[in-house]
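Each chain, letter by letter, is given below.
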Amino acid sequence: MSNSSHARRFAISGRVVIAAVMLAIFVAMVLMATAYPAKSRLLPFVIGIPGAVLALIQLVKEITLPAGEDTITIVDDGQTVTDIEPAADADEAANLRRETILIGSLILLVVSHVLLGFWIASPLFVALFLRYYEGTSWRVVIISAVATWLTLYVVFDRLLTVSVFEGLLTPYVTELFE
Amino acid sequence: MELELIVSSFVGLVSSPYLWVLMLIAIAVGMFFGAVPGLGGKLAIALAIPFVFGMDTVPGVVFLLAMHSVVHTGGSIPSILFGVPGTGPDAATIVDGLPMTQKGEAGRALGASLGASGIGGVIGALFLAALIPVLEPVVLSFSPAEFFLLAILGITFIALLSGASLLKGVIVGFFGLMLAFVGMDPQVGITRYTFGQLFLWDGVDIITAILAMFAIPEMIALGVKGGSMSNISMQAANYSIRDLGQGIGDVFRHWWLTLRTSIIGAAIGVIPGLGGDAASWICYGHAVQSSKTPERFGKGAVEGVIAPETANNAKEGGALLPTVFFGVPGSSGMAIMLGAFIILGVQPGPLMMVNHLDLVWTMIWALVVANVVAVIMFLGVARWVGMLSFVRGGLLIPFVLVLALLGSYLSRGQWQNMLIILLLGLLGYGLKRFRWPRPPFVIGLVLGPIAEDSLHKALALWGLSFLLRPLSLVLIAIIVGTLIFSFLRHSSGRLVDVE
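Protein chains in written order, with my numbering: chain A, 1 to 178; chain B, 1 to 499.
Excised from the complex, chain B in its bound form (with noise of 0.2 Å):
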């Protein structure tokens, strides 16, 4: 049965016309938004919203997890020829490829990259398929006492989220969660802050609230900074074919490395708050201290490009799990993919298990495809991507405001929603400007309602005791030793803030 649904999940994948034509779009947009630094695949999949709004639920998943998770593999281009990193976690890669550029080495670097990236996709995916068989049996032991204590332990990933702010994280955390409970209020039927607007009945519409907190705000920011967004002269990367398929020959060559790497990354991104950041340095460590030569590291050694790029995509797989299964973000772009799920009819949640264990499959398939069909596409316009990095940012603000103008009304089809993407736009952008880490505000909004249907629910069935089932003793040793940890991140100093 299981092995009927694997197989067919993949063949109503690649059988499908609509749904090649779907990836393909998807790998080139998420090329686009990967390899123009300032974009990145946040905002990828804030503005992809419109275009899936009238799509069924295969293909809009499809579509954006396609785009989503090569991401890194256009961003990893700019860094290797220019020196730019596409997104946050290709910095990783600069260390070494930039200096293989600079050595006449640009095409091995290229090859050596877009190989890793479509390997360490592969491995991530397949990471996330290897655990469903162990997770089921958990996950379907699940009730309402558990499903508020998840919704409780995503909450508690504010903090893992909030970089060095936890102050501030954990209060737009909570914002987001006080706007999740705008609307009709399903336990006694009453309206809560609707201030007798029609509109608002069914809540703040996620969709307008995520634009409004990312798209409007990195918008403001891009016309503020001004001009091209790499401030670095353009140098002329020649390279051929050969140089291409000798850098992907060196990711076979080190393939325990390969492996290695992939796997770190995987179980980086199923760990909420960590991020890409962190997957792509520790595997960059990994590699330097695994080597015997480490002093070739910083020089042009393409083992480190392998490890930060293979790490890169197969957090993606990783970052999935909790997302899917638990409604759980694994990362913030993990927490708008979810509000995105649930506009395209997908509810996260241990119910996945049971009920779409087929979208489940399709959405592993989608990740390994799309990751083999992007290395084969990039390995031809790698040169032109590389030029995106040149491209004047102020050009594409008034397309993307449109854009997210555009989705807000869509998503419900109110113009109302037009003026709660200003009203948060505004305060998303001074959330921005001072610092404010934002992620958390996408977890409260999403787990909010979860929390307070679960709670309800628990108390109902058991009262106060629900909270001394195992599974939630479990689970509440699990949000202490978060919150722990969290404390101790902090207490260390050595975080960052989150924007």
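Next comes chain A alone, as it looks inside the complex (with noise of 0.2 Å):
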């Protein structure tokens, strides 16, 4: 099976994912409402309880849209749209592997983080994403990561005065070399 099919399968499951999750949700939350006294549960009921039932008739809808009633539509905040063709499946595919990649480095931009801070993280992320995804020369690269840096400490730890965090990992660590 080539990449583009596997790109269109992904964009049609995706579609019914995104509806069963809020669907998921909806039906969690309503539950979970259940244990809660009258006047905790009550707007929970009101809202999840439609909430749920609105889910279900969009996945219904979702599961039974044809595959090729997909268009692509950019908006601003407003209604004015422009209509653009599907993407042709090589760059569906393509696509589908940049996106994967995009998600990974937003995974890894948030552990790193929580682990290691944003001294230390906010920099490397800058650095790695930049040459990495971008392709960036490596003279950018180390200007991109310094720069990075100097804001944190001039812009939020001086100026603003605010504390940023430093990581779950970085104490532990900081110990070990002291």
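No lab work stands behind these hints: they were computed from the structure.
Cβ coordinates follow ideal geometry from the N, Cα and C atoms, glycine included.
Hints may contain errors.
Quick list of in silico lysine-lysine cross-link-like pairs, DSBU-like style, CA-CA up to 30 Å [to be verified]:
hint: 1; chain 1: A; residue 1: Lys39; chain 2: B; residue 2: Lys457
hint: 2; chain 1: B; residue 1: Lys432; chain 2: B; residue 2: Lys225
hint: 3; chain 1: A; residue 1: Lys61; chain 2: B; residue 2: Lys432
hint: 4; chain 1: B; residue 1: Lys225; chain 2: A; residue 2: Lys61
hint: 5; chain 1: B; residue 1: Lys225; chain 2: B; residue 2: Lys457
hint: 6; chain 1: B; residue 1: Lys292; chain 2: B; residue 2: Lys103
Chain A residues, not near chain B, derived (Cβ > 10 Å throughout) [to be verified]:
hint: 7; residue: Ala33
hint: 8; residue: Ile120
hint: 9; residue: Trp138
hint: 10; residue: Ile142
hint: 11; residue: Val154
Put the two chains together into one complex; each comes in its own frame, and the hints tell you how they fit.
This is how it looks when you write it as structure tokens:
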């Protein structure tokens, strides 16, 4: 099976997954609300039950929607749109690959910041992303990483005097070196 | 008393060097976010939140409003010079702006655009100011019953903000409402949906949710798209200061059109859900209809630049009205602004009229001053601002992602928020990818606690008969009218997806 048909199948199943996730969220929240006192569960029921019903309708719509009805619509905050032709199969496969890498980068961003904190992870992430995703030159990579660290230090630490998170692992690592 | 308040708010704003510096920075940032296609005003507010986090209320509000009010001024520049709209509402400017550039009238078109934006922004702010005395008695007569119905009205606007995807929009709005119930229930004193996690006792952090739903998905989408944001070749757009002056003069020569489209734009801004695109296209259509020579439009008529640009900026003043006095955002950008206001310690709602009218006037003056200063600043740098449409999007992604993460951490100083931003960010991208509208989520999240608190108070005071109070009946009629309007709008099949 070609990459492109994988991509198209992903697009169709993705629509269904999103609708299913919304349904699951509503159902779970309504079920949890049953354990709360009457006053506390009033609005979760009033909102959650119709929400679950609507999500179920949407899920059925997504499952029964013909595959060819996909269009891509670009909109800002109003109602004007630019409809563009559905991407060619090869483009879809490339988009899916880029999408996967970017979602992986997002996970890396969060995990690295939780473990190492902003002082270490932010310049590191900027450098890695620019070098390996954007293919930027080392000179730009180094300048960007240093600029990121300096922004954190000058703007947030010095000017705004806010403390940024130092990471869950950083204190242990620092202790080891001391 | 009122006059004293108006004057002191103005003097307080313009006599503070600190606020001037903030406004100048905000205008530059707004210009950047407006001129770079794919960024826009919503992202600007979301990403500015970490920076305003440590500020006092007035500087924070002034910074955000000044920045947001000039986004479309910046967005018009690449529209005219290169045919690339910086933001959606700037698309209408291309119709006549680009032909003017092609005819060698780039400077005149830019001057007209900047002048119209500035005047439109000022008239929009004055429109808001003029409505304050009219609204005051209405707003001050509100009780918890009306607060509850106002929140419900806001939630019905979900339908209006949902574009073509009414069902999806309502589901996303309800999801926002459900997330608003996370945390300590003040009525009973128990925790809901916290899974034993202390950091969730205060509920889902609004800023984290906003950043997750808007900044993260936009950056992933930008990365997927790749390359430069502008796909057209760069062309030299040479013009002189004299040309710019001629364009500004055009705005005054067509003063009646400028005034009309500014007022129409501001009025459209008041109606939640219509958005900037509607304002600019409706005003463009009005300019064509009311012209004695409509055949010139589309071929480089300066009125075709003036009309959408006045409307774009004027609508911000109008959109502030429901946002500030009713807690009901006038647009998706204002929905994010509402969340930012809450972070800054401003609780939008009718009490703003009683307790914080000075702040409201500062907001109005900030809109006026920012729009005037932006025109002067932009006149000097317009040529270079236009070049921003050629910035490679991918280069911005890591910086924006780091800023978003920083914002979510700083909003409450809890590292767990970074996990929330990851989860909601992935969901937000899924919503964007599969064309679910995201603005209703913010409305649900912001209005959920207000609705719940007011409902319990109203029930305690009047029981279910609170629905029969005169003002309640008026609000119920408006809610029903809104629903019918939304239904008819969707049945017409002319709406499109709103991401």
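Here is how each hint holds up against the structure:
1. The hinted pair formed by Lys39/A and Lys457/B meets the criterion: a straight-line CA distance of about 12 Å does not exceed 30 Å.
2. For a cut-off of 30 Å, the pair hint linking Lys432/B to Lys225/B stands: about 14 Å separates their Cα positions.
3. Distance check on the hinted pair: Lys61/A and Lys432/B sit about 18 Å apart at the alpha-carbon level, within 30 Å; holds.
4. Only pairs whose Cα atoms come within 30 Å are accepted, and Lys225/B paired with Lys61/A is accepted, the gap being roughly 28 Å.
5. Distance restraint check for Lys225/B and Lys457/B: the Cα-Cα separation of roughly 49 Å exceeds the 30 Å cut-off, and the hinted pair is therefore not satisfied.
6. About 22 Å separates the Cα atoms of Lys292/B and Lys103/B, which keeps this hinted pair within 30 Å; it holds.
7. Annotated as non-interface, Ala33/A brings its C-beta within 10 Å of a C-beta of chain B; the closest such distance is 7 Å.
8. Here Ile120/A stays apart from chain B, with its beta-carbon at least about 12 Å from theirs, past the 10 Å limit.
9. The beta carbon of Trp138/A sits about 15 Å from the closest Cβ of chain B, which is more than 10 Å, so the claim that it is off the interface holds.
10. Consistency note on Ile142/A: stated as away from chain B, and its beta-carbon is indeed over 10 Å from all of that chain's, at 14 Å minimum.
11. Interface exclusion of Val154/A from chain B stands, the closest Cβ pair being 12 Å apart, more than 10 Å.
Of the hints listed earlier, those the structure fails to meet are numbers 5 and 7, in rising order.
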